[in-house]
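Engineer: The lines below spell out each chain.
There are 2 protein chains.
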Amino acid sequence: MANLSCVDALINCFTKLPGVGYKTAERYAYRVIEMSREDAGHFSSAIMAVKDQVKFCQVCGNFATGEKCEICEKRHSDTVCVVAHPKDIAVIERCHAYNGTYHVLHGVLSPLNKKGPDQLNLKSLMTRLQGGAIKEVIIALSADVEGEATANYLAALIKPSGIKVSRLATGIAMGVALEYADEMTIGMALRNRTEVL
Amino acid sequence: MANLSCVDALINCFTKLPGVGYKTAERYAYRVIEMSREDAGHFSSAIMAVKDQVKFCQVCGNFATGEKCEICEKRHSDTVCVVAHPKDIAVIERCHAYNGTYHVLHGVLSPLNKKGPDQLNLKSLMTRLQGGAIKEVIIALSADVEGEATANYLAALIKPSGIKVSRLATGIAMGVALEYADEMTIGMALRNRTEVL
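Line by line, the protein sequences are chains A and B. Under our numbering, the residues of the first sequence are numbered 1 to 197, in order. Under our numbering, the residues of the second sequence are numbered 1 to 197, in order.
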C-alpha cells in the first residue's frame, strides 16, 4: 500500500540506471509526478528517440544516426585514437586538444567478463589500418589492469605493420598535490619525466 | 560534436531529476542506449503511465488512481496523520506502526517560497475535522524551522475544536551515539524524557 503500482513500475525502471538505488529512484519518480505533462512527454519520447535513432558508425563504432558518425563524416586524419566506449569520445572531444578520428573497441580485454579479442571491435580497426592512410594510433584506455593489458595487446598487433603506436601519458593529474598521489603514479611520472625547455 | 542531438535531449531530461548534474545524466543516457528495446519501451511508457494515472485523493490529497486513495478506501480511523508530501506517507507506511488515515498538506508554511495557509491543502482538512469522527490529529512534519512553524499554526487552528493534537517525538535517533547528537536534539530529548517502567 506504500506506493501506487504505476509509481512502483517507474521506480523499478529508474533503479536500472547506474548507481541508482531504491530511495533515489523513488525521489526521481516523485519528481516525474510533479513534472508538467509536457515535460514528462518530452522525457518519455526522448528515451524512445535514443533507442530508435542511435546506431553504430560502420567505420569506427561510435554512436551515429546514419551509416557513419559525425566525426568520420567530417574529419580526415592520419591519426586514430582508440577508446573503449563511445562515451570516452565525448570526454576527449570536450578537451579540444585532438582533431583526428576515433575507433571504439566497445570494451577492453577482460577474461573475468568473458571479453576476449573476438568480442572487441578489432577487425574493422585492422581493416582501417591496412588502408595505409593511417600513420599513428593513439591508445586512450583507462590506466587500470584491463586497460594496460588491452593496450599491450593492441601495440603487439599493430606495430609489425610499421604504424606508430602511442599511449596517453601517465603521470600526476593537474591540480593534485604530490603528497596525495599514489606510488605507482609517481613512479610512472618519474620514468616519463619531460625535459624543461 | 560531442554527443548526438537525441542523446543530448535525453541528457537534458535527466538533469531535471533532483540531484542529477550533467555528468550523471550523461551516464544515465548511455545506460539507456545500452538497454534492450523492450526495457527502454517499459521505461518510456512508465513515465507517461504515471502522468496519466496518478491523481490526488479528494479526501486526503494523497496520490490516487481514482477519486479516493487506497488508504482512504480501506481504512476507517479516528486518527489523522498530517504530512507535508505524499512521499512521507510511503515513509510512515514502511514502519508498520500506524494504521490510521492521512492528510497531505502539499507543502509547509514558507514565506520565502510564497507558501501561506491558502497554498496548503488545509480547507479539506478542516472539513474532515468538522465531521466529528476524528479524535486525534498527529502532526508528522519535518523537525526544521518551517515544519515547526506549520505545526504550531495547525495546533492553534485545530485545538479550539476540542480534537487532540499530537506531534512525532523529537529525540535521539535510534543507533546514534550520544556524542554525535546535536545540542538542540539532546535538549529536546531531555525535556521529553520518558519514564522507565
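Because the hints were derived from the structure by calculation, they are not lab data. Bear in mind the structure is a predicted one, so any value in this text is a computation, not a measurement. Fair warning: there could be bad hints in the mix.
A pair holds if it fits inside one copy or across any two, identical chains being indistinguishable in the list.
Stated by the list, open to error - Listed below are the simulated DSS-like cross-link pairs for lysine-lysine, each with C-alpha atoms no more than 30 Å apart in a straight line:
id, residue 1, residue 2
1, 135, 16
2, 159, 23
3, 51, 159
4, 135, 51
5, 164, 16
6, 68, 114
7, 115, 16
8, 74, 55
9, 135, 23
10, 51, 164
11, 74, 16
12, 23, 164
13, 16, 55
14, 159, 16
15, 87, 16
16, 23, 114
17, 114, 74
18, 23, 51
19, 87, 23
20, 51, 16
Engineer: If a hint holds in the structure, say so; if it doesn't, say that too.
Structural biologist: Verification of the hints:
no., hint, verdict
1, 135 - 16, "neither (42 Å within a copy, 44 Å between copies)"
2, 159 - 23, "neither (50 Å within a copy, 36 Å between copies)"
3, 51 - 159, "neither (38 Å within a copy, 57 Å between copies)"
4, 135 - 51, "neither (35 Å within a copy, 55 Å between copies)"
5, 164 - 16, "neither (41 Å within a copy, 45 Å between copies)"
6, 68 - 114, "within (29 Å within a copy, 52 Å between copies)"
7, 115 - 16, "within (23 Å within a copy, 36 Å between copies)"
8, 74 - 55, "within (18 Å within a copy, 50 Å between copies)"
9, 135 - 23, "neither (51 Å within a copy, 33 Å between copies)"
10, 51 - 164, "neither (37 Å within a copy, 56 Å between copies)"
11, 74 - 16, "neither (35 Å within a copy, 33 Å between copies)"
12, 23 - 164, "neither (50 Å within a copy, 33 Å between copies)"
13, 16 - 55, "both (21 Å within a copy, 26 Å between copies)"
14, 159 - 16, "neither (41 Å within a copy, 47 Å between copies)"
15, 87 - 16, "both (19 Å within a copy, 21 Å between copies)"
16, 23 - 114, "between (32 Å within a copy, 28 Å between copies)"
17, 114 - 74, "neither (35 Å within a copy, 52 Å between copies)"
18, 23 - 51, "both (27 Å within a copy, 20 Å between copies)"
19, 87 - 23, "both (27 Å within a copy, 11 Å between copies)"
20, 51 - 16, "both (16 Å within a copy, 20 Å between copies)"
Going down the numbered hints, you'll see the structure goes against 1, 2, 3, 4, 5, 9, 10, 11, 12, 14, 17, while the others check out.
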